[in-house]
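**Student:** So the protein lines, in turn, are chains F and G. Heads up: the first sequence at position 39 corresponds to 39 in my numbering, and the numbers run straight through without jumps. Heads up: the second sequence at position 33 corresponds to 156 in my numbering, and the numbers run straight through without jumps.
Mixed in with the good hints, there may be bad ones.
Cross-link-like lysine to aspartate or glutamate pairs, in silico, EDC-like; alpha carbons within 16 angstroms at most [claimed, not checked]:
#, chain 1, residue 1, chain 2, residue 2
1, G, K356, G, D318
2, G, K245, G, D310
3, G, K239, G, D310
4, G, K207, G, E148
5, G, K126, G, E168
6, G, K337, G, D264
7, G, K356, F, D14
8, F, K78, G, D285
9, G, K126, G, D160
10, G, K350, F, D14
11, G, K222, G, D170
12, F, K78, G, D318
Worth flagging that the hints you see were computed from the coordinates, not collected in a lab.
Spelled out from the first residue to the last, the chains are:
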Amino acid sequence: MALNFVSGRTGAFDWLFQRISGVVLALILGLHFIILHLISGGEYEYEVIMTRLANPSWKVFYFCFLFFALYHAMNGAKILIDDYIHHPRLRTLLLSLDWLLAIVLFLYGTLIILMHQAPAVKG
Amino acid sequence: MGKVTFTILRFDPEKDKKPHYQDYEVEIRRPGMMVLDGLNQIRWEQDGTLAYRRSCREGVCGSDALNINGVNRLGCITHLEDLKTPVVIQPLPSMPLIKDLIVDLNDFQDKFFLCKPFLIPKKPLPDLEQLQSPEDRRKLDGLYECILCASCSSSCPSYWADPEYLGPSALLNIWRFVVDSRDVGADERLQLLNDRHGVWRCHTILNCIEACPKGLNPTQAIGGLKKALVSAKF
Ligand code: SF4
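The whole structure should be built from the sequences, with the hints applied where relevant.
**Tutor:** This is the structure we're talking about:
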């Protein structure tokens, strides 16, 4: 039985950061939930949310949310691919797609967060 | 004292294209009969072509691990009266089938030997025996008792999915030497399993714990290995 030593990344990093990102996500999600549903009392109006998103601290908060959620999902999919796909070329293809999708979604999400401006006050 | 139906998976590579099930009636002749007693009764009195492995018949050799009513257990220490009927007996899942209840364990054993399952002692060797404190000796409890029956590995979905995954049994046996105070081979052993087919395929599904007839906890051993690898790296 030949063990595969070719990959520089063995799985220790994936394993540890899947756990770390999971814990961070639980905290961020909890906070997000409390703010959205409890503190703002279920006000989902465009202005309310836009005003919040225009605040730089909230931008950082949602940037972290985006980063950890995407990392956790991308890494989860990578682990699934590692579990079930053993054909080397198919594996490389799927792992590349996994990364590509995560990067595209990350850039798109970042753009949305950065571009938010406070809505013009209605006159 | 009544009868129990055994539904047994049969496969003769010389005659059958694919496996099929066959029913047998086993007579309960005394209290406390085990599944292996039933299999012996069938083979000795009804159908001499039934093939299965057995040896010590007391849960020590690990030869007669079988899938009994969907759970991997040793036939020789599984009481018939504890089982629902009919008793469905199949070979260990995911292992290549040779005949009837006999599977090919070569790959399973190769993975065990890959772990260097022997003491790698400090050099120079002491003149007399290598001493170990009672506390250090106690760390081996729950690890050294493995009888290599393959119940755990063949119950593990990660083992089914990845034919090269070392599996809970081999990993428990590596951990047994890594925690041994007399052994200095931890680094070379840990190297072997910090790999895509090593410890990282374990997702704590916990089937191995349920399957182990010796009450061992391979998942915990794998947890120890993961921690050792992560702390060596970060
Ligand atoms: S750990 Fe338990 S189930 Fe696995 S091979 Fe050893 S004795 Fe059998």
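**Student:** Hints numbered earlier in the text: which of these fail when held up against the supplied structure?
**Tutor:** Of the numbered hints, all hold.
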